[in-house]
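Participant: Protein chains in written order, with the numbering used here: chain A, 1 to 351; chain B, 352 to 702; chain C, 703 to 1053.
Calculated directly from the structure, the hints in this document are not laboratory data. Among the hints, erroneous ones may be present.
Straight-line Cα separation of at most 25 Å, DSS-like style, residue types lysine-lysine; simulated pairs [what the hints assert, rightly or not]:
no.: 1; chain 1: B; residue 1: Lys355; chain 2: A; residue 2: Lys203
no.: 2; chain 1: B; residue 1: Lys554; chain 2: B; residue 2: Lys678
no.: 3; chain 1: A; residue 1: Lys150; chain 2: A; residue 2: Lys4
no.: 4; chain 1: A; residue 1: Lys350; chain 2: B; residue 2: Lys355
no.: 5; chain 1: B; residue 1: Lys678; chain 2: B; residue 2: Lys448
no.: 6; chain 1: A; residue 1: Lys304; chain 2: B; residue 2: Lys655
no.: 7; chain 1: B; residue 1: Lys595; chain 2: C; residue 2: Lys946
no.: 8; chain 1: A; residue 1: Lys229; chain 2: A; residue 2: Lys4
no.: 9; chain 1: A; residue 1: Lys19; chain 2: A; residue 2: Lys115
no.: 10; chain 1: B; residue 1: Lys701; chain 2: B; residue 2: Lys554
no.: 11; chain 1: C; residue 1: Lys946; chain 2: C; residue 2: Lys931
no.: 12; chain 1: C; residue 1: Lys799; chain 2: B; residue 2: Lys701
no.: 13; chain 1: C; residue 1: Lys1006; chain 2: A; residue 2: Lys4
no.: 14; chain 1: C; residue 1: Lys706; chain 2: B; residue 2: Lys554
no.: 15; chain 1: A; residue 1: Lys97; chain 2: A; residue 2: Lys120
no.: 16; chain 1: B; residue 1: Lys590; chain 2: B; residue 2: Lys448
no.: 17; chain 1: C; residue 1: Lys706; chain 2: C; residue 2: Lys721
no.: 18; chain 1: C; residue 1: Lys1052; chain 2: B; residue 2: Lys554
no.: 19; chain 1: B; residue 1: Lys655; chain 2: C; residue 2: Lys706
no.: 20; chain 1: C; residue 1: Lys817; chain 2: C; residue 2: Lys852
no.: 21; chain 1: C; residue 1: Lys817; chain 2: C; residue 2: Lys721
no.: 22; chain 1: C; residue 1: Lys799; chain 2: A; residue 2: Lys4
no.: 23; chain 1: C; residue 1: Lys799; chain 2: C; residue 2: Lys721
no.: 24; chain 1: B; residue 1: Lys580; chain 2: A; residue 2: Lys203
no.: 25; chain 1: C; residue 1: Lys905; chain 2: A; residue 2: Lys229
no.: 26; chain 1: B; residue 1: Lys595; chain 2: A; residue 2: Lys244
no.: 27; chain 1: C; residue 1: Lys931; chain 2: A; residue 2: Lys244
no.: 28; chain 1: C; residue 1: Lys1029; chain 2: C; residue 2: Lys931
no.: 29; chain 1: B; residue 1: Lys501; chain 2: B; residue 2: Lys580
no.: 30; chain 1: B; residue 1: Lys554; chain 2: B; residue 2: Lys448
no.: 31; chain 1: A; residue 1: Lys4; chain 2: C; residue 2: Lys1052
no.: 32; chain 1: B; residue 1: Lys590; chain 2: B; residue 2: Lys580
no.: 33; chain 1: A; residue 1: Lys244; chain 2: A; residue 2: Lys229
no.: 34; chain 1: A; residue 1: Lys229; chain 2: A; residue 2: Lys150
no.: 35; chain 1: A; residue 1: Lys239; chain 2: A; residue 2: Lys150
These numbers come from a predicted model, not from an experiment.
The lines below spell out each chain.
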Amino acid sequence: MSGKTNPGNFFEDFRLGQKLVHATPRTLTEGDASLYTALYGSRFALQSADSFAGTLGLPCAPLDDLLVFHTVFGKTVPDISLNAIANLGYAEGRFLKPVCPGTTLSATSEVIGLKENSNKQSGVVYVRTQGFDENDEAVLSYVRWVMVRKRAMEAEVAQSSVPALESAVAASSLTAPSADFARFDCTASGSPHLWDDYQPGEKIDHVDGMTVEESDHMLATRLYQNTAKVHFNQFSEAKGRFGKRLIYGGHVISLARALSFNGLTNAVSIAAINAGRHVNPLFSGDTVFAWSEVLDRAEIADRKDCGALRLRLVATKNLPCAPFPDKDGEGQYPENVILDFDYWAILPRKF
Amino acid sequence: MSGKTNPGNFFEDFRLGQKLVHATPRTLTEGDASLYTALYGSRFALQSADSFAGTLGLPCAPLDDLLVFHTVFGKTVPDISLNAIANLGYAEGRFLKPVCPGTTLSATSEVIGLKENSNKQSGVVYVRTQGFDENDEAVLSYVRWVMVRKRAMEAEVAQSSVPALESAVAASSLTAPSADFARFDCTASGSPHLWDDYQPGEKIDHVDGMTVEESDHMLATRLYQNTAKVHFNQFSEAKGRFGKRLIYGGHVISLARALSFNGLTNAVSIAAINAGRHVNPLFSGDTVFAWSEVLDRAEIADRKDCGALRLRLVATKNLPCAPFPDKDGEGQYPENVILDFDYWAILPRKF
Amino acid sequence: MSGKTNPGNFFEDFRLGQKLVHATPRTLTEGDASLYTALYGSRFALQSADSFAGTLGLPCAPLDDLLVFHTVFGKTVPDISLNAIANLGYAEGRFLKPVCPGTTLSATSEVIGLKENSNKQSGVVYVRTQGFDENDEAVLSYVRWVMVRKRAMEAEVAQSSVPALESAVAASSLTAPSADFARFDCTASGSPHLWDDYQPGEKIDHVDGMTVEESDHMLATRLYQNTAKVHFNQFSEAKGRFGKRLIYGGHVISLARALSFNGLTNAVSIAAINAGRHVNPLFSGDTVFAWSEVLDRAEIADRKDCGALRLRLVATKNLPCAPFPDKDGEGQYPENVILDFDYWAILPRKF
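Using the sequences and the hints given, assemble the complete structure.
Facilitator: Following this line, the structure appears as structure tokens:
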């Protein structure tokens, strides 16, 4: 192999406290926003119309929070997960400000945990990743952990250190976009149901299904400049574990989130990611469905115009969600469940 | 079903004179224009180049008229046709002004006719839909009628009222974009054939064919935020009437219109839609061909620089159009004919 | 056939010295840049981020050089290669200045050579094509030659004239973008390897593979408004030589160039195309791999901040490139090799 190609980091290459500055900065534009709409059919009013966002006092219809997330995530792949076996989880994700088209995103990560697997062939790497705009203001922060291969089984590794992570982002620490949600127009947004109307324990079947094609998920994943090999190379994947290309987990999150518009129409902004797991793989030809559960409802400090809902977003493949398919008492998921995602969304309040 | 998901309106929910304000406003940008080009390969000079449009005195290369149409149409789906059995026709469509990138479109509809079917299981809803820009200026108006299911066979319905619709938009009422077509450059546009060169009765085979893939039509239909289920959900469609996803009829219109560039190169703008029917369904893997017939030629009031052609655009699947495949004497279409679309186009005149 | 559709030019229609002004001008925007990223996953820092380009003194992140090339190329198809049997080669390509989003491109060609084939059924047409911005400044110039059918075997043709073409663009004539590469940030770009680090004779396997879908290449080729029939029409291609749609050769160049990021990360700009041949066809479902060879290294006049590498970019299908698959001693290519492309790239220098 040429010394000039990127072999990626292996488990033994990571050190606790190590800081990585990821290549390549990326300017997200109206073109990316349009592609995001074409890829998922997202319809949340805040991201859909400049005039709607302008009425709330924002300078632009912000880019979808998940487009920002996927772009930052993509930057980390060559350094963190090029030799990954599995992306294990997310925590402590915070969306810190709305991102307008024209913003250039860059990303850094800090290694906050390392734990070798008992088989000595791999280990789990915990990183806290931050995304910045061109003025070096943070727009996003999250933790993820990922199982990474070792280059050599006998390689020495750092001492185990597993970070203490919040089980959920504290409601008291949530912030909402600097927008006046008192001016939110429910006729334009598509639903009268506001923060006050949702109750913890409430479950919503999002009804609709979306079938995924190879072109769709590859266009999306290339848009995010995510280079993970398993998504693109049928020649090698044909000989792999599944025999086919694995769809980027973030594509599943975006599909489920877009489907959730039907039932959570006014959940226009993501404030935080509490947890997330890709519990089964998705492949081309599968049809994605989703349901949500309201886990909690919280006020936001100094805000009467909006509040936060803690939502659990579950996605399935080839299985409608009217019966709310879920893990069993032992935490085992049916094979049709593909995503279990826990996040805080911002909704306007009644007044 | 959650009370927060949209069940759509059923036939008995509509009332004559009812006004519906559709969600969600949508800002169309240069990103949407690029996607439109990528989806159809459209090459009409006016929409393709800012400099070409600027020479004619326009502030921008306007968005394709059909991109505007599909976006407005998409907004109406959740309210009008979520429970539709079939989209039956269009009439009295008018494109009122060129739409620049950056424009935010919103839409309203008025119910102008209702007619229950004799089987009491469904009925036909006639709506006049208007699209507006962010200054509430109308950019588009059209009538469509659609067969919608009843929620309950025994439900009471409004008295039948079928609107009187113009068989074609009157030539005397047509307007053309506020552009100086006397400055139209035929070398740049790609053809010397102007309004004066076309004769009523003339037929043109557009020669080329375009094969449609699942990704293509789903990207397009999501771009228009059109949520009609039949286009996206293979899991449910596999058990449906066709066993596969049905392609959005508007996608067919755009494909046929883009193909028509070859023969109608200078028909750069759509002034009106007289009528339109999707006479057979299109599916992924099919190849679309098209031919046109010049139905009429009309001057436009106070304009010497441009005129209008009334054109009939017929699209087929898997059937080249050199023999101009058409309905028979009894109005029956061959199964390969998928679209019969009647519109007024604007072309520069000789001088 | 209607006299208003474009039959394209046949070999006997071309005359030495003939000048063709191609339709249709096209404004390339941020939307096109986003689509280019989605289609190829390109990550070169200069094109990826406005802030990165701004640091070097450029007014924008320029559009990918190959997006400019494909757009100009697309304009020539209706006049030059609508009746082509094969695109035979490129030479003397020069990228004359970075192109910002918002630029309107137009194209002209001059016939610089003609040679009838001995079977009298076709001949080779050599054209020098130029691309211009809206101020009529040239942004691109290249020669290509293409085998074009004759309309009639007995038609008289021009006397044979084969142009003398440079085997490669002279290093002494190369120019680089007016940017200050001394300010190039290798951490942001993704690699420390600069111009000085590459040696003639060095070979680099770009490791990764990218599988191509029908939707992908058709979206790309329509984006370039390239109308060559073989790429789009499965109905007719099913009866053709390959039984399937042929992928536009330029799509292969862009795929290989994007793959070459892994090993040539700082080769951020293409200065010249020396030669290029599509030695085997690519089809949907194939996976593209690539390798490069450094052919030469040259300084650029009056520039200490950057230099040029002459690179040979070889692409394969369904064949990883670790063993550098290549033509044999007699110049015959294995059937898995699809592209042999020779170009000059600009890289920052050490200082």
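Participant: Work down the list of hints and note, for each, if the structure agrees.
Facilitator: For each hint, the structure was consulted:
1. B/Lys355 x A/Lys203: holds, 10 Å
2. B/Lys554 x B/Lys678: Within the cut-off at roughly 15 Å; holds.
3. A/Lys150 x A/Lys4: Between A/Lys150 and A/Lys4 the Cα gap is close to 20 Å, so the pair holds against 25 Å.
4. A/Lys350 x B/Lys355: holds, 16 Å
5. B/Lys678 x B/Lys448: Answer violated: B/Lys678 to B/Lys448 is near 34 Å, above 25 Å.
6. A/Lys304 x B/Lys655: violated, 60 Å
7. B/Lys595 x C/Lys946: holds, 22 Å
8. A/Lys229 x A/Lys4: holds, 18 Å
9. A/Lys19 x A/Lys115: Holds - the C-alpha atoms of A/Lys115 and A/Lys19 are around 17 Å apart, at most 25 Å.
10. B/Lys701 x B/Lys554: Holds. B/Lys701 to B/Lys554 sits at ~21 Å (cutoff 25 Å).
11. C/Lys946 x C/Lys931: holds, 12 Å
12. C/Lys799 x B/Lys701: Distance ~38 Å between C/Lys799 and B/Lys701 Cα, so the pair is violated.
13. C/Lys1006 x A/Lys4: Distance of about 23 Å is within 25 Å: holds.
14. C/Lys706 x B/Lys554: Answer holds: C/Lys706 to B/Lys554 is near 10 Å, not above 25 Å.
15. A/Lys97 x A/Lys120: violated, 41 Å
16. B/Lys590 x B/Lys448: violated, 43 Å
17. C/Lys706 x C/Lys721: holds, 22 Å
18. C/Lys1052 x B/Lys554: The hint is violated at about 65 Å.
19. B/Lys655 x C/Lys706: Measuring from Cα to Cα gives roughly 23 Å; hence the hint holds.
20. C/Lys817 x C/Lys852: The hint holds at about 12 Å.
21. C/Lys817 x C/Lys721: holds, 17 Å
22. C/Lys799 x A/Lys4: violated, 28 Å
23. C/Lys799 x C/Lys721: It holds: about 23 Å lies between the C-alpha atoms, which stays within 25 Å.
24. B/Lys580 x A/Lys203: holds, 22 Å
25. C/Lys905 x A/Lys229: Given that 25 Å is the threshold and the Cα spacing comes to 22 Å, the pair holds.
26. B/Lys595 x A/Lys244: Distance ~22 Å between B/Lys595 and A/Lys244 Cα, so the pair holds.
27. C/Lys931 x A/Lys244: Roughly 31 Å separates the two Cα atoms, so the pair is violated.
28. C/Lys1029 x C/Lys931: violated, 30 Å
29. B/Lys501 x B/Lys580: holds, 17 Å
30. B/Lys554 x B/Lys448: Not satisfied, since the Cα-Cα distance of roughly 29 Å exceeds 25 Å.
31. A/Lys4 x C/Lys1052: With Cα atoms ~16 Å apart, A/Lys4 and C/Lys1052 stay inside 25 Å; holds.
32. B/Lys590 x B/Lys580: holds, 13 Å
33. A/Lys244 x A/Lys229: holds, 12 Å
34. A/Lys229 x A/Lys150: holds, 17 Å
35. A/Lys239 x A/Lys150: holds, 21 Å
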